[in-house]
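For the protein sequence lines, the chains are Z and D, in the order given. Going left to right, the first sequence walks through residues 183 to 532 as our numbering numbers them. Going left to right, the second sequence walks through residues 183 to 532 as our numbering numbers them.
Hint data in this document are derived by calculation from the structure and do not stem from the laboratory. Heads up, a few of these hints could be off.
Which copy is meant is left open, because identical chains are indistinguishable; a pair holds if it fits in one copy or across any two.
Claimed, not checked - The calculated DSSO-like cross-link candidates involving lysine-lysine, where the alpha carbons are at most 30 Å apart (straight line), are: (1) K469 / K440; (2) K193 / K371; (3) K282 / K313; (4) K469 / K328; (5) K376 / K313.
The structure displayed is predicted, hence computed values, not measured ones.
There are 2 protein chains.
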Amino acid sequence: MVIKTAGELDKLIRDVLTAAGADERNANRVAEALVSSSMRGVDTHGILHLPSYVEKIQAGEIVPTAWPEILQEDTTSALIGGNWTFGHVTAKYAMDIAIKKAEAHNVAIVSMVQVNHIGRLGEYAEMAAAKGMLSVVWAGGFGEEKPVAVPYGGRQPVLSTNPIGMGFPVGDGPPMVIDYATTTVAGSKVMTAKDRNIPLPAGSVVDKDGVPSTDPDAFIDGGALLPFGAHKGYALMLAVEFFGRILSGADGFSDEEKRGGPTFRHSGVSLLVVKADLFQAATVYSKRAEELANRVRSVPPAPGFESVLIPGDLEARAEATRTRDGIPIPNPLWQRLTALADSLDVNIGV
Amino acid sequence: MVIKTAGELDKLIRDVLTAAGADERNANRVAEALVSSSMRGVDTHGILHLPSYVEKIQAGEIVPTAWPEILQEDTTSALIGGNWTFGHVTAKYAMDIAIKKAEAHNVAIVSMVQVNHIGRLGEYAEMAAAKGMLSVVWAGGFGEEKPVAVPYGGRQPVLSTNPIGMGFPVGDGPPMVIDYATTTVAGSKVMTAKDRNIPLPAGSVVDKDGVPSTDPDAFIDGGALLPFGAHKGYALMLAVEFFGRILSGADGFSDEEKRGGPTFRHSGVSLLVVKADLFQAATVYSKRAEELANRVRSVPPAPGFESVLIPGDLEARAEATRTRDGIPIPNPLWQRLTALADSLDVNIGV
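The task is simple: from the sequences and hints, build the whole structure.
Below, the structure is given as structure tokens:
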């Protein structure tokens, strides 16, 4: 394990991405997104992704100097074309627009197409919450070419992890931020379980015949991921597909063979933003939101739990710890990052 | 079991409610809502509720001649005060407004306060879908006085069933309609399981010490309902509380002691409506929505399942069956309904 500061990782990411062809504006934004995730303990969406982004640039899936544009717009909505730049760039651009529209008109809905991996959905929900707004982020369409998730009661995958993010300002404290795949686990967790030779949680996967299993190999050998929470999580997975891919019209923007690669070529992401103080003073909203959060947190824990949390609490704790102690990077990842830097003649100064 | 037509139930409900003090406009609307649920096989939200609505009128919780009003409004949002009329009246009034605003401005958010039980959330999602719109319905605040649901990892209830509804037009077929409690089961299902002496599904309840159980008595003896899908369903439950109770500012409208009763006095319901053809032609949206629905339905079923459904399929099937065969009413319920009619001197003509 090596320990790095946010500043060190930020510089590493910017240097690697500019060496790989990104312009400074884009490299800065991707560094911001990855470091923000790593700082919050969401390592699955942090610097881990840097090597794959470089590969996607080299494969023509990401256009590292492109910039998003507004394809259609009115007072409360916009359709953003990402032009296949980094998804983090497109999603921040889109959320900025959604926030401005909601500031002026109370509510806004903004969709994105031609959008690569946007990283941690919670980051965009945090942006909205910091401006006093409730938000929802729906990201669909990842499974059009390589489906990994079965519908409830089905034996063949036709959908994907279909993540959803939501954010709610909570007084002076950190916002309540929700960000999860609508599958029980993501594919990366299956691989981690296999590496560690441990079973998956019940309800995670089915084998190739549609039979539920906790064996990582059942997934690897032609199986698929299950929606979380049986038919209820499955319904949410479908809702994400409708609000993400279908509403955005993403299918009409996926004509370029290389761009986006199989996972993002058909993907569409939509944002809903609503002013928290739409129907009451901001101070009153804040007081009520804080009361709810604190009431829930003060519930005595059930056996096996240390405390009751609200979504976002773990990330806020991790951020405090990592601000103080730095970001731990597992050695194998660090070796991949230094090898990547070497391959691009980037001096990472360590 | 007795069998009744939609028309027979409609007349019974209207006659009983007007005898109990409702005006004709309100009685007609409640009959429409209850019959619609009974027709779709959602008996938990159908004519079953009629006796309790009469009790709530008599207790002053429902004001059966009141009508909702607009408390605040702009081009894309409105806050509706239900004036403690039947929730079905308020919610349809609010959804009509949301649809009109979204027709003119593409997206709308409308919240309700002073709102009694609105019945089946899916009915409002169906209204929006029939006008070519995507929608979300969040109903929160039921647990302020009588909480029944624990947070994930907690041993004391502080929340409630916090239902969510969503609707999506799907070409010429029935819409995809989602409508569920964010608890694994509703309290009524616990009672049904106890009556039948069968265990609850895993993850349904905790006992008074917060230990998960499948025993209905564990719930009855000081236990509580669990959110569905562990931390993910719990997060959705909290999101419903924010979009429902907190966003609407419902807490500021609950000063009348009798009105709404303990469950609805603090409740707030919010509606999001978005035009399905916001970013593409309606015909293109429809084609893509239908393709998704049919692709999912055509997945071969897993062992133990007959077919793969999308949300709303079961209700559409039930409606076809009950249109042909009538609505079955269990004898004990029918006896309660006839006794109720007798007590109000209503001649139900059977």
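So, going through the hints one by one against the coordinates:
With identical chains, the CA atoms of K469 and K440 are at most 30 Å apart between copies only, with a shortest distance of 25 Å across copies and 50 Å within one. With identical chains, the CA atoms of K193 and K371 are at most 30 Å apart within one copy only, with a shortest distance of 28 Å there and 56 Å across copies. Proximity of K282 to K313 under the C-alpha cut-off of 30 Å is found in both arrangements, the shortest distances being 10 Å within a copy and 28 Å between copies. In this assembly of identical chains, K469 and K328 lie within 30 Å of each other by CA distance solely across copies; the values are 21 Å between and 45 Å within a copy.
Taking identical chains as interchangeable, the C-alpha atoms of K376 and K313 are never at most 30 Å apart, the minima being 42 Å within one chain and 48 Å between chains.
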